[in-house]
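Peer 1: For reference, the chains in residue letters:
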Amino acid sequence: MTLNRRTILKAGAAAAALPLLGSRAFAQGEPLKVGFIYVGTINDNGYNYAHNQGRIYLQEQLGDAVETTYVENVPEGPDCERVLRELAQQGNKLIFATSFGFGDSVIKVAQQFPDVKFEHATGYMKADNVGLYNARFYEGRAVCGTIAGHLSKTGKLAYIGSFPIPEVVMGINALALSARKVNPNATVKPVYISTWNDPAKEADAARALIDQGVDVIAQHTDGPAALQVAQERGIVGGFGQGADMSAFAPETQLTSIIDHWGPHYLASAKAVIDGTWVAGDTWEGLKEDVVQIGPYGPKVTEEVKAAAEAVRLGQIDGSFHIFTGPIKDNTGAERVAAGVVMTDAELLSMDWYVEGVEQPA
Amino acid sequence: MPFRLEKRPEPSRLMQYLTPAAAVALTMVVGAIIFSLIGYDGMGAVREIFLTPLTNAYKWQDLGVKAAPLIIIGVGLSIAYRANVWNIGAEGQYVVGGLAGTWVALATYGMSGPWILPLMVLAGVVGGMLYAAIPALLRTRLNVNEILTSLMLTYASVQLIYYLIRAPWKDPMGMGFPQTRMFAEAARLPTIIPGTIVHLGVPIALLVALVAWFIMSRSVFGYQMRVVGTAPHAARYGGFSENRTIWLAMLVSGGLAGLAGVLEVAGPFQRMVPGFPTNYGFTAIIVAFLGRLNPLGVVFAGIVMAITFVGGEVAQTTIGLPNAATGIFQAMVLFFLLGGDLLVRYRLRRVASTPATGAA
Amino acid sequence: MEIIIPILVTLVFAATPILLAALGELVVEKAGVLNLGVEGMMLVGAIAGFAGQFYTGNPYFALLCGAVAGAAVSLIFGFLTLSLSANQTATGLALTIFGTGFSALAGAPFSARPIQLMGPLFPPELATHPLWRGVFGYSAPVYFSFFMVFAIWYFLQKTRAGLILRAVGENDLSAHSIGYSVRGVRYLAVLFGGAMAGIAGACFPLLLTPQWAERMTAGRGWIAVALVVFASWRPLRLLAGAYLFGLVMTMELYAKAGGGPLSVIPSELWAALPYLATIVVLVLISIRRDASTNAPACLGKPFLPSN
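Chains as they are written, first to last, in the numbering used here: chain E, 1 to 361; chain G, 1001 to 1360; chain H, 2001 to 2307.
Careful: at least some of the hints might be erroneous.
In silico lysine-lysine, PhoX-like type, Cα no more than 25 angstroms apart, as pairs [unchecked claim]:
{"#": "1", "chain 1": "E", "residue 1": "LYS153", "chain 2": "E", "residue 2": "LYS299"}
{"#": "2", "chain 1": "G", "residue 1": "LYS1007", "chain 2": "H", "residue 2": "LYS2301"}
{"#": "3", "chain 1": "G", "residue 1": "LYS1170", "chain 2": "E", "residue 2": "LYS126"}
{"#": "4", "chain 1": "E", "residue 1": "LYS287", "chain 2": "E", "residue 2": "LYS153"}
{"#": "5", "chain 1": "E", "residue 1": "LYS108", "chain 2": "G", "residue 2": "LYS1170"}
Computed from the model, here is a short list of chain H residues facing chain G with C-beta under 8 angstroms [stated by the list, open to error]:
{"#": "6", "residue": "THR2091"}
{"#": "7", "residue": "LEU2156"}
{"#": "8", "residue": "LEU2276"}
{"#": "9", "residue": "VAL2281"}
{"#": "10", "residue": "ALA2295"}
{"#": "11", "residue": "ALA2297"}
Covered stretches of chain H, as calculated for chain E (at least 3 residues, CB under 8 angstroms) [to be verified]:
{"#": "12", "stretch": "2051 to 2062"}
{"#": "13", "stretch": "2081 to 2088"}
{"#": "14", "stretch": "2213 to 2227"}
Hint data in this document are derived by calculation from the structure and do not stem from the laboratory.
Cβ coordinates follow ideal geometry from the N, Cα and C atoms, glycine included.
Okay, chain E solo, but in the shape it has when bound:
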């Protein structure tokens, strides 16, 4: 508690100076300790890797003003609760819990440490000192879908996902909607493999899809396995997820959706240092640079690149929203009227598929 009061006093003094000096003034005192917990290893080349890159970004940007710590491979359950308390007790004043399954634990621990700020990624339970943050990955999917619609020869796209949660359903739908704007006959085949990290199973799912005529694969799991199969089989392409995966599929990665959590982590840490942090519910995307589109692959022609860029820039300036009606579901019923944009709440509970998505079993 005393530490916290001192922090706020210092931050208040610094706020009178230039914003740039704010962090430096703080650095002369004690650095803000920021903790991160990851559900997997930082070496997964995907989701957890991207969060850790965000942590490194924060550390680089604020230098001595912050001191970051992370714990990897934290199981979702009571073990997570213990790790969170460990971090809080070691003086971390801002803690990021980066996986949905940490939610219960975050809420419990946050009650025990009211002076510690928590932020929970992709969750839905808030509290006075628990904020939520998420990224509009679907905006990236809309760019991917545009490219897929142009380049796919068979018009058969696939999406390898873990579980049918709204996050994944949204991505499938954004891919289908954007691809069908280019090629109205395009279809998307979702395959759920019931795991976040089993590279061999992801790879076999990709093989099964390619063998049945799919020539563009998007995946929503933690690693590059499916993309590598796309490269090996020489199909039209696939997309990196979470991070640029071109090292794994130099010819076949058409582009990648990069989770760029750094700016969000920076903003939150600064807010805590300045004493302006409030439990927010942020859902940022391309505009805020939290979702980035990676470099385009060699197969993406100038013309397709221009179309993709138009979708990307349209989402940045707000002129384009992929979930704008009319949208029919895959039974043919109209779900969103012409001109209407789906609300965030509707998106975050999406459990139906748009036209062109084959109903998964």
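With chain E's structure known, arrange chains G and H on it following the hints.
Peer 2: Frame of chain E; chains G and H shown alone:
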């Protein structure tokens, strides 16, 4: 070789107590050296993993909560292993116990009353017993190896969780995530020390260990288990049925694993999630051995294992030791302990000297 | 119909690591030793194979790395259970904990580093026709696994050394009293099992997904343990069983990708099938008493000659 092994007439009591301590000490020394050699702070790793959880009073609640399921399952397994019944499917029985408790919690959702929690516990114990009854039945009726069947059933049980929480038991408000709803207040295990996370399962674990110790050392049942294990032929002459022993061993170990499962889901988890199988059932096998198959030894072994888990996380946050290092430390404790087992049953003797003087 | 060959190719690749690891475990169990550390040895083999391929680009050397690494960690198991008579079940579990931790620690520097997949053994001209692809389209470990099935069958059934190994597994004390070195035979078996598990692990980065990922074997070591029992300790049945398990593992994905009646089976049931089938087989072989003798009588029991 100037030494040779000689079987002791009786297992050495001294070695029985000494070897687990020596295994931990040896792990600390060897671990510090190895991790220093590969570029980590080896001394720091040992300090944070093995000592900090003990010296930091704030960590004691974590040790209690982490050790409780290990102790409960470990006690059951130590009884079974004493009788030479190799139930290695405790993880599966733990899972089914947790699922049975969850079923009661979901079925009584919206109701209240002090009967719900005991009913859940009962369901958990029965669930664990029933799941253990399958290998018991196959072993006694068809002479099928229980190691293999109980192991296979464990993997099947994990899939059962995934199925139930993805489809019929999915939380209607859970945004489509595969998990059940949060249990109602009446279905949650109360904490016994306000302001901590120490729940009712912790004293239950100690009680289970004490009762088991008493039964194993003082009752006919315990005698039967021990005799069947050490001298099956003598047991048969003594009128102890081997099948009866197998059934008892499987039901006791399965029931206790189920108890641990239901306490865990009603206590720390408070809902069924995909992360529920946390390898407690497998870790408890190690705990049973580390505790020398003695219920009181299991209490200490459970705490030692809990220390390495809790300390492993401390080491990650304080000195940046990777998560993988915890596994290596745990494996080292076991390797040294299992290797040291030999000294309980055998002693080293100098070949040249006479048996009376050469004890090492 | 043209989908059958691609399914076959995928399932053969999926089944090969399981088959290789199970062949090793079969020999170990035939010698009377139960090594439950297969998953751990596979992971150590996987990281060693990855590193071998990463540094040399020679997949055969990479497989050798996997074999040597697998054998090396199996030596820990061998020393504890054979020289020090430690409990095999507990030691095997400890070995899996060790292998998981060790591979994760050793593999950390290799993240985000792709390697070359191992190419097919035969020149690609032989596999241009889809049908021939089903015969000539595989890499060396696939043909090696076929070869080993028959080699192990021949060894166990037709050679004197195989007879000794089975004798050691059936009745260690009599084998000992005849003058065979029970420990020596078991050491060799455990080392062989470790090498095979190591090769099996190396197949993950070399054949299936050319990267290193922590715990990338994802429980397939346990399927290999199940497979040995499923095959009731017979090499030829092991071959059939591996392909049946491989079919179960890949059919789920083809069914989901292609639709059709099988796609309604929940993926959890697909995942549980190999284990449930193994229990059924255990029951069946026990009902047919004649076959039950095939389980090595000394399986999992320590060798304790009275001095």
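Peer 1: Run every hint past the structure and note whether it holds.
Peer 2: Results of checking the hints against the structure:
{"no.": "1", "hint": "E/LYS153 - E/LYS299", "verdict": "13 angstroms, holds"}
{"no.": "2", "hint": "G/LYS1007 - H/LYS2301", "verdict": "17 angstroms, holds"}
{"no.": "3", "hint": "G/LYS1170 - E/LYS126", "verdict": "21 angstroms, holds"}
{"no.": "4", "hint": "E/LYS287 - E/LYS153", "verdict": "31 angstroms, violated"}
{"no.": "5", "hint": "E/LYS108 - G/LYS1170", "verdict": "22 angstroms, holds"}
{"no.": "6", "hint": "THR2091", "verdict": "5 angstroms, holds"}
{"no.": "7", "hint": "LEU2156", "verdict": "20 angstroms, violated"}
{"no.": "8", "hint": "LEU2276", "verdict": "6 angstroms, holds"}
{"no.": "9", "hint": "VAL2281", "verdict": "10 angstroms, violated"}
{"no.": "10", "hint": "ALA2295", "verdict": "7 angstroms, holds"}
{"no.": "11", "hint": "ALA2297", "verdict": "11 angstroms, violated"}
{"no.": "12", "hint": "2051 to 2062", "verdict": "violated (count 0)"}
{"no.": "13", "hint": "2081 to 2088", "verdict": "violated (count 0)"}
{"no.": "14", "hint": "2213 to 2227", "verdict": "holds (count 7)"}
Of the hints listed earlier, those the structure fails to meet are numbers 4, 7, 9, 11, 12 and 13, in rising order.
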